[in-house]
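Top line first, the protein sequences correspond to chains A and B. For the first sequence, our numbering begins at 1 and goes up steadily by one. For the second sequence, our numbering begins at 1 and goes up steadily by one.
Since the hints were derived computationally from the structure, they do not count as laboratory data. Do not take every clue at face value.
What the hints assert, rightly or not - Just a sample of chain B residues kept apart from chain A, beta carbon distances all over 10 Å, derived:
id, residue
1, N26
2, E141
3, E197
4, Y209
5, P262
6, K263
7, S312
8, S329
9, K346
Unchecked claim - In silico DMTMM-like cross-links for lysine to aspartate or glutamate, where the CA-CA straight-line distance does not exceed 20 Å:
id, chain 1, residue 1, chain 2, residue 2
10, B, K273, B, E145
11, A, K55, B, E344
12, A, K62, B, E344
13, A, K55, B, D74
14, B, K337, A, E231
15, B, K69, A, E172
A quick note: this is a predicted structure, and the numbers were derived from the prediction, not measured. Glycine included, each C-beta is placed from N, C-alpha and C at the ideal position.
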Amino acid sequence: MRNLKRQLLAGPYILWMAGFILLPVLMILYYAFTATGGNFTFLNVSSITFSVHLKALVLSLKLGLICTVICLALSYPLAMILNSMKAKSQGFIVFIFILPMWMNFMLRILAWRMLLSNNGIINSLLGTFGLPGIDILNTPTAVVFCMVYDFLPFMILPIYNAMSRIQPDIIEAARDLGAGSLIIFFKIIVPLTMSGVVSGIIMVFVPALTSFAVSDLLGGGKVLLIGNVIEQAFMQEYNWNLGSGLSFVLMIFVIASMALMNSRGDENGTGVW
Amino acid sequence: MKKKLLLLLTFFSFLLAGCGRTDSPNTLTVLNYGKYIEPKVLELFEEETGIKVEYEEYITPENMYTKYKAGAIDYDLICTSDYMIEKLILEDEVSEMNFKNIPLVKNLDSSYFEFSKSFDPENKYTLPYFFGTVGILYNRELVDESKINSWDILWDERYSGQIIMADSVRDSFMVAQKRLGYSLNTTEEKELRNAQELLIQQKPLVYSYLVDEAQDEMIAENAAMAVVYSGEAGLALEYNEKLAFSVPKEGSNMWIDSWFIPKRAKHTENAEKFLNFLCRKDIAMMNFDYVYYATPNTQVKEALDPELQENSTIFPPKEILENCEVFKSLDDASTMKYNLYWKEIKSAD
């Protein structure tokens with residue numbers, strides 16, 4: 001009886017999952033493996049081997065990887081600095097990191113477009129100091145830049161979280177036993193924050209891999225990621241079967257990357273699954 | 001316990017029922033391009049008739065087709081471009097318009113109904129809304145004006161990183177096709193490949209591919225040239241004096257955006273009332289002032305300043321229109337070819 005009552009509490013969530021996660025996935029699977037007439041076909045999925053689709057997928061993987069590496073390289077030292085501060089200022093700085101997320105993600109991308117454009121704010125500022133302008137707008141560089149800007153908090157927070165859980169006693173004990181800073185870092189801090197790093201990588205890499213809005217707005221329509229190909233299949237070509245087929249391939253890549261990361265051990269429960 | 005479960009179930013079924021659309025008779029669901037009607041017109045229509053207007057927007061005709069075909073909303077009235085209307089007519093999605101209920105259609109210049117015959121051969125299905133051409137909007141201080149009368153200038157390396165192309169399959173192909181002297185409705189493999197090659201060649205020079213934002217970028221002087229619709233150019237000229245517009249001599253596309261009533265429409269009468277309202281002189285005037293595209297409404301045109309009537313950017317002169325082609329709807333295989341070739345351009349380095 002009590003058990004049933006508890007299970008009922010999960011009811012809304014189960015309905016939500018069924019309606020907005022399970023059902024759409026099933027629909028994508030259905031469309032992915034059927035032709036326009038409803039006959040079974042592999043063509044939609046195998047069309048990933050078209051050179052234009054393959055090129056988009058490789059570019060997505062490349063930009064996603066670059067974005068993840070930059071985020072990691074920025075976040076790790078930052079989390080360490082953050083962790084070594086006083087508890088009060090730590091809270092404040094974490095708050096500052098979360099602050100941009102209060103604004104809509106699309107608005108922030110559009111703002112970057114204004115900032116980076118040929119006669120934009122950054123270039124006119126540089127111009128007044130007699131410095132050469134930057135023209136990265138409408139290039140893959142701008143896309144990576146904006147993805148890093150957008151996804152950085154997703155990397156910092158889990159790493160900072162894992163780091164703040166390391167007991168200072170452990171480090172002190174290591175020091176007592178004669179370990180130098182380098183050994184402490186590689187033998188204690190890195191292994192103990194691995195779970196946070198893994199979560200961070202997944203939370204940055206997956207949205208970066210599947211994004212299409214950033215490349216659309218900051219790539220000037222010149223950077224074709226797999227997400228853009230899928231969006232075009234759905235919105236422009238009215239070819240839901242092709243869009244679903246390619247989405248299915250992308251899902252495999254997402255699941256594979258998550259499985260790969262999670263196989264790297266996660267005992268602390270900060271992993272994604 | 002069972003009772004509670006039942007209660008919960010009924011609760012959820014109510015919740016789900018709430019999602020269904022309640023169909024009140026006095027509404028009108030309109031689908032139109034972005035920035036393509038004076039919002040006040042909608043308010044006035046609601047005030048005068050008591051009909052509630054549900055208004056939705058889209059970006060490209062292909063987007064419209066997806067929205068319409070998804071079937072989630074039964075639109076009563078849609079405005080879109082020539083070739084897309086032709087496609088929908090061929091798919092038997094458009095219902096015949098009862099012009100008896102739209103008496104003010106007499107305000108429209110009959111010559112535009114003639115142009116419409118290329119996609120609506122008997123003038124049964126559509127009511128022209130605005131029309132125009134496609135050309136190059138350019139900044140006079142940045143561009144050599146003696147060369148602007150040809151599409152060739154869009155391949156001139158001096159303007160590398162300063163050219164905005166249209167982010168729309170057919171509009172971009174049109175530029176290359178016309179430069180090569182082909183028809184913009186060609187489906188021949190070789191001609192399409194040649195056009196594609198030309199567009200790939202051009203890509204390194206292109207600043208970005210845009211639709212609605214091209215005009216803003218030109219006003220902000222972020223680029224030297226942009227391929228835009230004549231109407232947009234007319235508006236941009238008002239904001240920045242350095243801008244000018246040219247329809248190249250090789251010819252271009254003439255487009256007619258028209259209203260049609262889809263077969264699935266639930267409120268045909270309201271749709272007809274709305275169309276009649278749009279043809280009324282004061283309303284059409286107000287709408288023209290906002291949209292600033294060439295209107296087929298003779299009453300509006302006659303009431304304008306002579307200077308504006310002569311403005312060749314907004315009202316393309318006859319000799320330019322004669323040099324232009326209207327888009328025809330393509331068969332499925334050709335559409336797929338265009339789409340694939342377009343993707344290849346977009347992914348080229």
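query = Looking back at the numbered hints, which does the structure fail to meet, lowest number first?
reply = 4, 9, 10, 13, 15
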